[in-house]
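Undergrad: Below, each chain spelled out in residue letters.
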Amino acid sequence: MTTDRDAELSALLDGALPAREESALRDEITRLPELAARLEELARVDAVLRALPARPVPGDLRARLQTKLDAERSDRPLLSARRDAAPRRPLGRRAWLAGFGAAAAAAAAALFVMIGGPRDPNLEPERELASKAPALVAPNGIEQPRDTVLAEARPEPSTGAIPLEPAGIESVGSSEPIAAVSPQPAPLPELAPGPLVDAAPEQTPSEPTQLAATESATISSDDEGTADESAAALSLAPEEQDAPPEQLALAPAAVPLYVELTDDEADALGKLELHDAGIVGVLDLLGELDGLEAEAS
Amino acid sequence: MLDEDVRLMLAFRDGDDAAFDALFERWAGKLLRFLERMVRDAAVAEELVQETFLRVHRARSRYAPDAKFSTWLYTIASNVARNELRRPFRRAPHDSTDLEREDGRPLELAAEESPVDDIVSARREGAEVEAALKLLPERQRAALWLAAVEGLPYAEVAAALETTESSVKALVHRARVALAEQLANARAKLSPEEKPVLIRGGAR
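In the order they appear, the protein sequences are chains A and B.
For the first sequence, the numbering used here assigns the number 1 to the initial residue and increments by one for each residue that follows.
For the second sequence, the numbering used here assigns the number 1001 to the initial residue and increments by one for each residue that follows.
Everything labelled a hint here was simulated from the structure, so no lab data went into it.
Careful, some of the hints might be misleading.
[Unchecked claim] To give an idea of the chain A side of the interface with chain B (calculated C-beta under 7 Å), a few residues:
1. T2
2. D6
3. A7
4. E41
5. L42
6. R44
7. V45
8. D46
9. R50
10. R62
11. L65
[Unchecked claim] Derived list of chain B stretches under chain A, where covered just means 3 residues or more per stretch with a C-beta under 8 Å from a C-beta of chain A:
12. 1024 to 1037
13. 1043 to 1050
14. 1142 to 1154
Since this is a predicted model, take the numbers as computed values, not measurements.
Backbone N, C-alpha and C define an ideal beta-carbon position, used for all residues, glycine too.
Based on the provided sequences and hints, a complete structural model is requested.
TA: Have a look at this one:
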């Protein structure tokens, strides 16, 4: 039976009442049997929960994790090497504000390229987009109906993540559709010069998994691990600027970025045109970085 | 003096891979149980344990021991679970512990298997509570589990769930009351001699 004292009794069970309130409540409990009975009912919940059978950790779980760690290491040599090189500090507030300007510029560049780029027949869409506006445009850099982009570029349809990856690089399972719609289908090495050429062939195809996030770099509201990637892609972080310029230009191409959307956001996005989606992506990304900053600290 | 988890994490940050193994050993089980309750699917929970440790691995160089390690870890795990639960087209959860029938109602123990002691009663109650737990809103489930089972102080639960202590207090309270209701209903169905002995002095 629910009582108006349940909240206090519950807090008492968790040892969360201030000392004075706790001792007053305990006095009451000794005087009022119904209060004592109610405390027992609530305590019983805890006892039953703690007694739930605990399934042992599967013996191969650590090995499965290692497989993913190894795959990640070979997938992203640039990023992991950079990360290992020097301990990073979380983005400070000032860096975040400075980054906003840079990201806004990136968004503007993305818009410009999306609108202007494909109309110029002399442009190589992939290279152009990858260098100017990483992570903000459709995979093949061509303006096309939103539905087509979202449907074809999505590497794992069940994730609901909207891929904002540049230029036909990677994402197991998505290279096929991208090549199909690209005017200049190009093999991976051409699109990924430099150190990435070495990295690409070593990629191990991801195992079928429920987690799209596992094999690909996923930007989500809490993904502290990929904060670096997002920062690199948008040239946000001041710390990134000491990296060789060619690495900065290349790193985004190697890291497909996704922005995870809530259902509401996805609905809202559905009402927007593609270039609006680019902006939404940037804003989301910025919001995420803000959250990451808090989480990392 | 640093707690053992913080010491291990700092060692891992500084290049000691064995420390990562030790952290996995210490925490994989608790994370698995927490995540199983969150996503209600054993296989997915295993994936999420891996994802949580992947994130720990990735974040190692940025780790600073300014919060309890458990708080940090549960923050990551909660976020991982939340992402999973928000994923569209998420596979419908199936029950890993065979406590449910296909129609989602708790499995009743066979009649001849009459409970003879508290263990069996507890198992029966466990099935009821487990089923009721699954129906709770995600945040109530998380808050109750972390506070009542893992024994985290409200401040830590609040940090892990990115909310306030007062809202944790309310979440835990609502969850506990809902499950107590379920237990009371379950007991009402039992004959008097089957009723389990209530635990005395449950406050800690």
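Undergrad: Please write out, lowest number first, the hints stated earlier that are contradicted by the structure.
TA: Failing hints: none at all.
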